[in-house]
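**Q** Next come the chains, spelled out residue by residue.
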Amino acid sequence: MRTMRHRLTGILLTIIALALGVATGPTWSQEAYPTKPVELVIPFAAGGSHDLHARVIAGFAQQSLGQPLVVLLKPGGGGAIASQFVIKARGDGYTLLFGSNGPNTILPQVQDVGYKMREFTPVCMINYSPPLLFVGANAPWRTLAEFIEFSKANPGKVNFAHTGIWGAAHFPMLIAESKTGAKVNFVPFDGGGPALLAVASGNADASFGFAAQLLPFVQAGRVRVLGVAAPERIETVRDTPTFRELGVDVTFTLWRTILAPSTTPPLRMRTLRQACAKIVQDPSFRALIRQLGEPLIYMDGPDFLTFWRNEWDDVARTLATIRR
Amino acid sequence: MPESLAHGLAVALSPPNLLFAVVGVVLGTVVGVLPGIGPPTTVALLLPLTYGVDVTAAVIMLAGIFYGAMYGGSTTSILVNLPGEAASVVTTFDGYPMAQQGRAGGALAIAAIGSFVAGTLGVIGLTLLSSPLSEFALRFGPPEYFGLTVLGLTLVAYLAAGSMLRGLLMAALGLWLGMIGLDPVEGTRRFTFGILELSDGLDFVPVTMGLFGIGEILYNLRRAEEMPTVLRAAIDWSRSLREVIQVRWAILRGSLVGFFVGILPGGGAIISSLLAYALEKRLARDPSRFGHGAPEGVAAPESANNAAATTSMIPMMLLGVPGNATTALILAAFLIHGVRPGPFLLRDHPGVFWGVAASMYIGNVLLLVLNLPLVGVFIRLLRVPYRYLAVLIALLAMIGAYSANNSVFDIWLTLLFGGLGYTLRVLRFDVGPLIIAFVLGPMVELSLRQSLIMSRGDISVLFARPVALAFLLAAVALLLGQGVSSGMRYFAGPRREYSP
Numbered sequence: 001m002r003t004m005r006h007r008l009t010g011i012l013l014t015i016i017a018l019a020l021g022v023a024t025g026p027t028w029s030q031e032a033y034p035t036k037p038v039e040l041v042i043p044f045a046a047g048g049s050h051d052l053h054a055r056v057i058a059g060f061a062q063q064s065l066g067q068p069l070v071v072l073l074k075p076g077g078g079g080a081i082a083s084q085f086v087i088k089a090r091g092d093g094y095t096l097l098f099g100s101n102g103p104n105t106i107l108p109q110v111q112d113v114g115y116k117m118r119e120f121t122p123v124c125m126i127n128y129s130p131p132l133l134f135v136g137a138n139a140p141w142r143t144l145a146e147f148i149e150f151s152k153a154n155p156g157k158v159n160f161a162h163t164g165i166w167g168a169a170h171f172p173m174l175i176a177e178s179k180t181g182a183k184v185n186f187v188p189f190d191g192g193g194p195a196l197l198a199v200a201s202g203n204a205d206a207s208f209g210f211a212a213q214l215l216p217f218v219q220a221g222r223v224r225v226l227g228v229a230a231p232e233r234i235e236t237v238r239d240t241p242t243f244r245e246l247g248v249d250v251t252f253t254l255w256r257t258i259l260a261p262s263t264t265p266p267l268r269m270r271t272l273r274q275a276c277a278k279i280v281q282d283p284s285f286r287a288l289i290r291q292l293g294e295p296l297i298y299m300d301g302p303d304f305l306t307f308w309r310n311e312w313d314d315v316a317r318t319l320a321t322i323r324r
Numbered sequence: 001m002p003e004s005l006a007h008g009l010a011v012a013l014s015p016p017n018l019l020f021a022v023v024g025v026v027l028g029t030v031v032g033v034l035p036g037i038g039p040p041t042t043v044a045l046l047l048p049l050t051y052g053v054d055v056t057a058a059v060i061m062l063a064g065i066f067y068g069a070m071y072g073g074s075t076t077s078i079l080v081n082l083p084g085e086a087a088s089v090v091t092t093f094d095g096y097p098m099a100q101q102g103r104a105g106g107a108l109a110i111a112a113i114g115s116f117v118a119g120t121l122g123v124i125g126l127t128l129l130s131s132p133l134s135e136f137a138l139r140f141g142p143p144e145y146f147g148l149t150v151l152g153l154t155l156v157a158y159l160a161a162g163s164m165l166r167g168l169l170m171a172a173l174g175l176w177l178g179m180i181g182l183d184p185v186e187g188t189r190r191f192t193f194g195i196l197e198l199s200d201g202l203d204f205v206p207v208t209m210g211l212f213g214i215g216e217i218l219y220n221l222r223r224a225e226e227m228p229t230v231l232r233a234a235i236d237w238s239r240s241l242r243e244v245i246q247v248r249w250a251i252l253r254g255s256l257v258g259f260f261v262g263i264l265p266g267g268g269a270i271i272s273s274l275l276a277y278a279l280e281k282r283l284a285r286d287p288s289r290f291g292h293g294a295p296e297g298v299a300a301p302e303s304a305n306n307a308a309a310t311t312s313m314i315p316m317m318l319l320g321v322p323g324n325a326t327t328a329l330i331l332a333a334f335l336i337h338g339v340r341p342g343p344f345l346l347r348d349h350p351g352v353f354w355g356v357a358a359s360m361y362i363g364n365v366l367l368l369v370l371n372l373p374l375v376g377v378f379i380r381l382l383r384v385p386y387r388y389l390a391v392l393i394a395l396l397a398m399i400g401a402y403s404a405n406n407s408v409f410d411i412w413l414t415l416l417f418g419g420l421g422y423t424l425r426v427l428r429f430d431v432g433p434l435i436i437a438f439v440l441g442p443m444v445e446l447s448l449r450q451s452l453i454m455s456r457g458d459i460s461v462l463f464a465r466p467v468a469l470a471f472l473l474a475a476v477a478l479l480l481g482q483g484v485s486s487g488m489r490y491f492a493g494p495r496r497e498y499s500p
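Sequence lines, in order, name chains F and P.
Just so we're aligned: 236 in the numbering used here is position 236 of the first sequence, and the numbers increase by one with no gaps anywhere.
Just so we're aligned: 366 in the numbering used here is position 366 of the second sequence, and the numbers increase by one with no gaps anywhere.
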């Protein structure tokens, strides 16, 4: 009886195996991938710019990847929780991180989060947002030079709103301080919206913010933008100079890059990179991304790796100066 | 203004927009009822589907989900002590006792009608006052937030169903729980014991799912034998109607509180419902009824959270600053369609603004029509024997806790807080003050430290502005009033025993 059942099971298993073999036969040798939905893990909360960009990407991914891209929010620990989650997942190309410079460049250098750069391989960068230095409409400073001069002559006089230690409104100002000798009085706020309102209403004097949220306030004459912390000027505020142009080398790019664990097989990496390169060709994809605030600034995996390495070293140097 | 609204109504009543409003509010009711699947998740999932439709229709639907969920959120709070929505926690304080006394129908009817009145008043306010109100929101700086949240914490003293000392003890525990996580100024980790998941603080959802949902189940298991298997599952409409009329002022006051607190970007539905509840208890002739099934205790917070949901659309649309995750996603729906919310929305896209506003009048009527008959359906749920219901509640609480951050850690947290909730119930402690202190504590701390950093340590910043001063004076007046009355009670007669 028992052997009989064994034999039946054996036959059944063989049939299943054959069926599977036939189904996947032709592609088996080329290592079929992806055969199930791919997860894109977001290190920040719902409704943030990473979440919104990821949903646009997910809307287009199926066509070029052949499988749906599922957006999975894992906020917490400044992005460290999601980053650790992706490293710990099997490097099989089914769990990817929508990384950024906060969790992946700055955090590993200021905290022991258990990962550095080498745990990840970039698939592609979609774009980045540079923070803009802005002041209230009634603030006395017309230019970045005036602002820096004032904060040097009156250390700690300027109430500077930021959105979290080492964050996108804090770190660039730390760089500016270390490069110019300026000194501001940092006031923490619970996110970019509250920080913007604080500056617009005069409760704080200045802050860094992103174009998408600032623009209506600039047009309404509530705030003025003094400088852009990007390598080049950005199209939304064409006439605002970059910090670098003004002789203060402050760059900070909140990038949105798909990262895979570095254990991902090269063939799968190639599939992913090809899929990304295809998506960014789509004009309606570009249009949707632009609506969210920043144009597409595509960079392929190897290019981004160079960019990222430079940024990593920059941050390391800045941190060394700040800590000294 | 009237002609703009008339134009808006024309926009909102066009068949496709009407259809989107219906879809939105129905979905909102469903996700509101299901604990854990909150409006942010739903709006995020549906956002890509709106790429293809016109911006007004997209926002009408997504907003419908948002305020529709506020209607549905009270259902499980009342029936099984499991808040369907973060903003419905306060509704459990009196809604669940009402259900246990066989008055679930009345509580649900009060919640539905209160939500309708508040939602409608909120839209009227949004129609008439949106521009001045957005200015008001802009002026609200750290000292004002400090005043408001201190007033809120002062009201905690009234929230405890039993003795004030026990209430304050719970509030202290809540304050401590609220301190876990990163220090907002220095970035130092507090009480995280090296656990990364704790560095952003305890999440509201697992804490409440544990304290309320799981804690209640464990407590009921203890006395499983004496549990009535069938609570009265019929609705007594004439009694319910009388109760609704009885609480009309609570509904109006709750709406008013929700209206103003909802405008503040850092405020929102949870705080407004807490404040409205505490205010009712303070105004009541016999505050001891609260926590034991007082209808005002359902009417005030449910009205407040609906009014707040409605007015939280104002800073999102007219300042471009969303106050919560759901409005942030609705903002994204605007952006995707090339409409930039902010000070110029009314000038550049009046049709969109008024169309959305008008659709909210229609949406509220739809929700009332939808929710009143559902009362009869939902209370039938109570016929399910508790031993089956308990499993379902536990499952929903776990799913809810997990899906907030997709974190397994939060499931363990829920169980831990379930154990705490059970222990506190056995010891006859009231978790209400705990949860309020847990929410308000971090806001008091942040606004205080912001104010003092801004003024470089000069404490007068807290009293220098009229609005901030008014809140603090109100808090002092409350404290003095309470001190006098409890002193009088102390000397007037023998001390009352704690009632569970």
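A couple of the hints might just be wrong.
Unchecked claim - Below, computed lysine to aspartate or glutamate pairings styled on DMTMM-like, alpha-carbon distance capped at 25 Å: (1) F:K152 with P:E186; (2) F:K152 with F:D249; (3) F:K88 with P:E197.
If you are wondering where the hints come from, they were derived from the structure by calculation, not from laboratory data.
**Q** Are the hints correct? Go through all of them and say.
**A** Hint check:
no. : hint               : result
1   : F:K152 with P:E186 : holds (23 Å)
2   : F:K152 with F:D249 : holds (17 Å)
3   : F:K88 with P:E197  : holds (16 Å)
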